[in-house]
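Undergrad: Below, each chain spelled out in residue letters.
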Amino acid sequence: MIDVLLEGVTWTVLGYFVLSNGFQSLLLVSAVAELRSHRRRTQGEDDTWLLGSAVTPRVTVLAPAYNEASTVGESVRALLTLSYPNLEIVLINDGSTDDTLGVLQRQFDLVAIHPIIRRQVPSEPLRGLYRSRNQPGLIVLDKENGGKADSLNAGLNCATGELLCAIDADTLIEPEAVLRIVRPFLHRDDVVAVGATIRVANGSTVRSGRVVNPRVPGHALAGIQAIEYLRAFLFGRLGWNRLGGNLIISGAFGMFRRDAMIDAGGYLRDTVGEDMELIARLRRGATTRAGLTRVTFVPDPIAWTEVPEKLATLGRQRDRWQRGLADVLWRHRKAIANPRAGALGLVVYPYFVVVELLGPVIEGLGLLALLLALVTGSVNAHFAVLLFLAAYLWGLLLSFWAIALHVVTAKELIPLGDLMRLIAFAVVETFGYRQLTVYWRLVGIVKYLRRRNEWGSMPRTGFLVEQNSAE
Amino acid sequence: MLTGPGWLWLIVLLEAVVLLVTLLGLVVGSSLLSARRRGAARHEDRLIEAIASAERGPADPEHCVRLLADMPGRLQLPAIARVIDHVRGPTAARVAAVARAAGVTARAERWSCSRRRQRRLLGARALLRLDADEATIRRLLDDPRAEVRADAARWAFTQAQPAVVARLVVMLDDPAPGCRFAAQDALTRVGSLATGPLVAHLGTATGASAVTALEIARAVAAPALLRAGLDRCRDASPLVRARAASLVAAIGESQAVEVLRDLLEDREPEVRESAASGLGLIRHLASAPALASAMHDPAWDVRRAAGLALRSFGPSGRLYLRRVLRDEDLFAADMARHVLELPETRGAVWSP
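Protein chains in written order, with my numbering: chain A, 1 to 471; chain B, 472 to 823.
The following block holds chain B by itself, in its conformation from the complex (with noise of 0.2 angstroms):
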């Protein structure tokens, strides 16, 4: 028979002791956490009056210099961050000066050079938004922790030097992928200042990299380009075949046409998709044939965007897809009666 042994006594009443202490704690650590916040809360508000006061009218812009350099140095950066995220062009240089006149981009210069891990990620945030010079983005941008590299690359296009554009073409090669993310978002920001970068990075780079760089480049659209996406219509990667066609597709030199044809016979559908895009996007209007033809494809997507690239000429297009609904290949007579029968209306096609 089972009784009630010293052991299970002493857990019980090891439990209640922490439920005791943890219970105590919630409520007291709730209480201050409320208070702490409420603190910061009345803090960061006044600062925004008085930073709207100043832009309303005359104030004294030293009011808003003493209110940040008062606020409590924890509160400081974060406050003047949350601040300046939410005004832009001369309300954000002003914000900007306030916190350089109360010592806040100071210590965020500080702490962005810190040894702590944290800190330097906090003063790199901080700074970034304060005062970004080329110097600092540069410097930020070659931190070895990754999320200050990719805090950096996202305001990188503010200082768009060559040497900062250089940087953020060899990022895409980072191990991080949040570091190659922020890069490519810069990248396509900074548009045809990207250009000679990119073509140099496209004439060594490979796989995922190469693919990102195409896509950059696509969205950048310059002529000096289009040999670099010619070149990578012959990669050994389907993907990059499929990205290097879209680019030269977008750029629609004369010399584009004729790699995009070959194209529409490689072994890959997703080339032979993008080939069949990037034709119906320069509407050239010769390669109806060749597009007619890829109706017969045994991909469906190849089928439909030779569809959508036929029916992007007009009624010469609606010709060729005509003739196709006649077909024998039931497939492709199919794929030729839906893009036939998408109304006009623009937006109003659905094509996933």
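Looking at chain A on its own, in the form it has when it is part of the complex (with noise of 0.2 angstroms):
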């Protein structure tokens, strides 16, 4: 009997591989396609013509943060740099308690200005509003704390623009990037977010907040999962353009339109996955509002972000991640496997429920079969090893197709070391790192259904500077 169940499980296990890889291969042959597409149109194209341009959509950067000290300045320098003619940063101190305001207030030369503000979208109670004295694009909201979700809806409230450029206080933008993202909202109507490409910082050299010498992280957990988001983005959300259309657009950059955000009611506060969840309700909603259905992905606005190089950091997050996903999806369930939903209800969700979400619990779970069927012998040693390969090798080609990818569409050119790096850590990411991400992925699946919807935290190192890296 335990035979059976263990072969059983085994099969389960099998099929949930081919579904899944033959999923993100299918998702990968999407993104080439899309990537070719993406290419020709913007060949030979001058994307600076915009700055001259007086027409061009008001866009409102919204840039929470929430004890940010050490990094704010540098981060509000780099967007104040930004390329855009029209843009205004507004930068939400979520009732920080270190210095990040008085930061704010020594570097900007703050002045405190009298909102006449309609609270749109719920969120706390301000405290202030200043703008800068030597910076005229600049407004820093000082608000109660309430969490990031909270503090963008603060943002909501107080922005100007049509579009909304909602990020993370410590990601660092490329100068050209909003210039970029701007782009499928000028040429379609029904465009009502996009997202963009995020990188990871760790290891490069930062000068004056801008990534000026790109590198493979050198630290193992940092690389690993610089392999894990040039999958993600490059591959992962491209593919989805064409395969049913995106339900993720990353927190720490992305681009909404301003009305429908507030026609939606801006960030759900109580959920750990509000940029999915806002996605997930945009989308939903696209019926009510005409035409304004499409979430789409665009490759080459480039945004970097610092990602954690301790375990326990990366564990709470990915628990939080995963926490999030399962929230979402049980707040949308009536949309899963709903043919009224079109792509998204037949395509989109039911991959995000048996492969995202469901994932490790299958994964935890043939894991262990495995290693019992092995003791008990219902499965030879011999079968389990190539059962692991088939699985391996397919997930360390699409890896490779993510690096060349990489390769490609990345406008520096990739040392020999650094390409070497890269596939040195796609070849070890399966052994150790892969368990882990399913143990805490499954923590996150516990810890959802006990309902502790707490936000964790990720202390920040802070990026390395060229100082830093010249030592």
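The hints are simulated quantities; they were obtained by calculation from the structure and are not laboratory data. This structure is a prediction, so every number in the text was calculated from the model and none was measured. Just so it is clear, CB atoms sit at the ideal spot from N, CA and C, and this is done for glycine as well. Take the hints with a grain of salt, since some may be wrong.
Stated by the list, open to error - Just so you have them, the derived chain B footprint on chain A, three or more residues with Cβ under 8 angstroms:
id : segment
1  : 34 to 48
2  : 398 to 407
As the list claims (entries may be wrong) - Each computed DMTMM-like pair below joins lysine to aspartate or glutamate, with the alpha-carbon atoms no more than 20 angstroms apart:
id : chain 1 : residue 1 : chain 2 : residue 2
3  : A       : 411       : B       : 515
4  : A       : 411       : A       : 176
5  : A       : 334       : A       : 356
6  : A       : 411       : A       : 189
7  : A       : 411       : B       : 556
8  : A       : 447       : A       : 270
9  : A       : 411       : A       : 46
10 : A       : 411       : B       : 516
11 : A       : 411       : A       : 270
What the hints assert, rightly or not - So the derived label-pair ranges between C-beta atoms look like this:
id : chain 1 : residue 1 : chain 2 : residue 2 : range
12 : B       : 646       : A       : 451       : 35 to 41 angstroms
13 : A       : 361       : B       : 812       : 55 to 61 angstroms
14 : B       : 512       : A       : 450       : 37 to 43 angstroms
15 : A       : 22        : B       : 634       : 52 to 58 angstroms
16 : B       : 641       : A       : 42        : 24 to 30 angstroms
17 : B       : 498       : A       : 439       : 50 to 56 angstroms
18 : A       : 42        : B       : 675       : 57 to 63 angstroms
19 : B       : 533       : A       : 22        : 55 to 61 angstroms
20 : B       : 545       : A       : 81        : 46 to 52 angstroms
21 : B       : 632       : A       : 81        : 35 to 41 angstroms
Mind docking these for me? Both chains are given alone in their own frames, and the hints should help you get the complex.
TA: Shown next, in the form of structure tokens:
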């Protein structure tokens, strides 16, 4: 009986790997087609022409900051140098207990201004609103602590832009990224949100809030995450453009239509997956807003983020992501496999349920079953090794393709050493790291089931600035 | 009991082979790509250096031409496009002359007529930067590919002859949003030259096209556009009426006041908001009582616009705001308080 059960689990896991990797391969094919089409459209284009335009839509960058005194000055300076002709930066100090507001006041000569703000979406009370004397495009909003979603809602109430760019305060955005992420809104009438590529900044040299020497992280944990980010963005999100549209826009850098966000009621404040939940709501509500249905991803606007280099921090992050995913899928469960939701209901949601949400459960069970089966002799070692190899090599192939897309799309030349390092990280990812992520995600699911919706924290170490790299 | 079946072996073997080929392709391809990019950058650097030397003093312009002509064909158009994007005025003219002498412009011209879509786009993009005369722009504005039309529209302001401007106005109805945006941008740049075609367009345009035309007209704000604006203030679409109100306020003739005061009573809040802002823009003091009345409007945006309009009248407007402060309507009083408390410093008002 146990033999039959273990054998059944083994075959289920095999089926899961075929389904998961098969869909990932489909995403890859779709991403390659999408990338080709994107390159053909933009080849030879002068993307700076918008700089001289008087009719560009106003963009408000919303940057929430909580206890980021060590990096906030650098981040704001980088935001102020973004190339875009009609830009407003709203930095939201989410009741920081450190000197975040003080740093901003000293560095940007803030003066209190009087707000006439219509509270269109709910947020914690404002404590003050400031404008910089030396940087006219900078507004600082000081409010009671309420979390990231609450901060973004407060920013949404104050924003004057037609388009909102939601970022993390410590995200480093490339100067021309806003010019590029705006493009889909100008080229299509039905776009409601746009996502962009996030790359890992660990190990790169940063000068004045800009990544001036992009490198592959030397730290193994950060390096493996760099591979994950390449896979997630270069073929995960890009591929979805042709397979039912995106369900995730990274909280680190994304752009939205302000009126659609207000219609949708802004970010939900009682979920840890506010970014994904907003997209799910925008897409679900699309039928009531004529035509505004498209959530798209463009590969060439680049933003950089620091990833955790400590297992405990990374574990908390993944656990939070999984709780967010579970929460969003539960809240929007009526759309799952619902033909009335179109491709979103029939392709996107089922993928997220089976592969992203239940993936760790199946993988975890499979791993246990395989070990048990080996011990009890239900499966011979030969078969187990072959099964593992089949799944591993397919996954590795997908990682290599993600690296290849990175090599082709990166504007910088990738040194051979960095390329080899990326390949090495892709090879070792499966041994230990993958099992850890399965564990963290399982913890996330268990916590979600217990309704422990706390935020979790991610201490920042600050970017490697040029002086450090010279030492 | 499961054993290692042959099919699984085959899959693993196949995967291993594909993986090795991919790995090899990745390493070799990456090296080749790097070498190719380095080569292209070297060519471009040499060209830029030669052009800079020619700018600095006596230098052989033929040297630049030779450098460009000796470049591999695939690099010529992108290289010259990148160089010309970063220079202006006489230097841009000299770069264009170099491109012409090296045969790059002729090639761009040929490509811009190609039946191959991508080649036509690349040719058009290069040609528009190098030598975009009126005939070229008119031809490209009628191209079947939306990206080509949009690019031609971007450059159309450099050749703002009546026929080009008229075509740009027609493009406000283009099915491709990118073309409509580029046309709007170009028409805003050409300014008063667009007045005639805009007046004609506003006579017939509907919906989004009328809204865009009114936005351009507002930026141009030529008195000849007033009649069209006044007519549009009676349009069935609230968005059109709101934009028309902004247009007539921007022109600011006496006829505008009466219409704006009528629009203060419009059934749509966005129109009432535009009308209130317009009266503030014109600073029509006699409209202060009507604006004070608008402070009781059920829509927040209208109350704010009316309050700010009264504030723009100076001491007399403040007097009206102070009266509203004592009003029984708490919403009106609250908005009046907000507006009165705004600091005087220019730029200190924060009003989304």
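Undergrad: A separate judgement is required for each hint: does it hold in the structure or not?
TA: Structure-based check of each hint:
no. : hint                              : verdict
1   : 34 to 48                          : holds (count 7)
2   : 398 to 407                        : holds (count 5)
3   : A:411 - B:515                     : holds (16 angstroms)
4   : A:411 - A:176                     : holds (12 angstroms)
5   : A:334 - A:356                     : holds (18 angstroms)
6   : A:411 - A:189                     : violated (29 angstroms)
7   : A:411 - B:556                     : holds (18 angstroms)
8   : A:447 - A:270                     : holds (15 angstroms)
9   : A:411 - A:46                      : holds (15 angstroms)
10  : A:411 - B:516                     : holds (17 angstroms)
11  : A:411 - A:270                     : violated (39 angstroms)
12  : B:646 - A:451: 35 to 41 angstroms : violated (50 angstroms)
13  : A:361 - B:812: 55 to 61 angstroms : holds (57 angstroms)
14  : B:512 - A:450: 37 to 43 angstroms : violated (56 angstroms)
15  : A:22 - B:634: 52 to 58 angstroms  : holds (56 angstroms)
16  : B:641 - A:42: 24 to 30 angstroms  : holds (26 angstroms)
17  : B:498 - A:439: 50 to 56 angstroms : violated (33 angstroms)
18  : A:42 - B:675: 57 to 63 angstroms  : violated (35 angstroms)
19  : B:533 - A:22: 55 to 61 angstroms  : holds (60 angstroms)
20  : B:545 - A:81: 46 to 52 angstroms  : violated (33 angstroms)
21  : B:632 - A:81: 35 to 41 angstroms  : holds (38 angstroms)
Violated hints for the displayed structure, listed by number in ascending order: 6, 11, 12, 14, 17, 18, 20.
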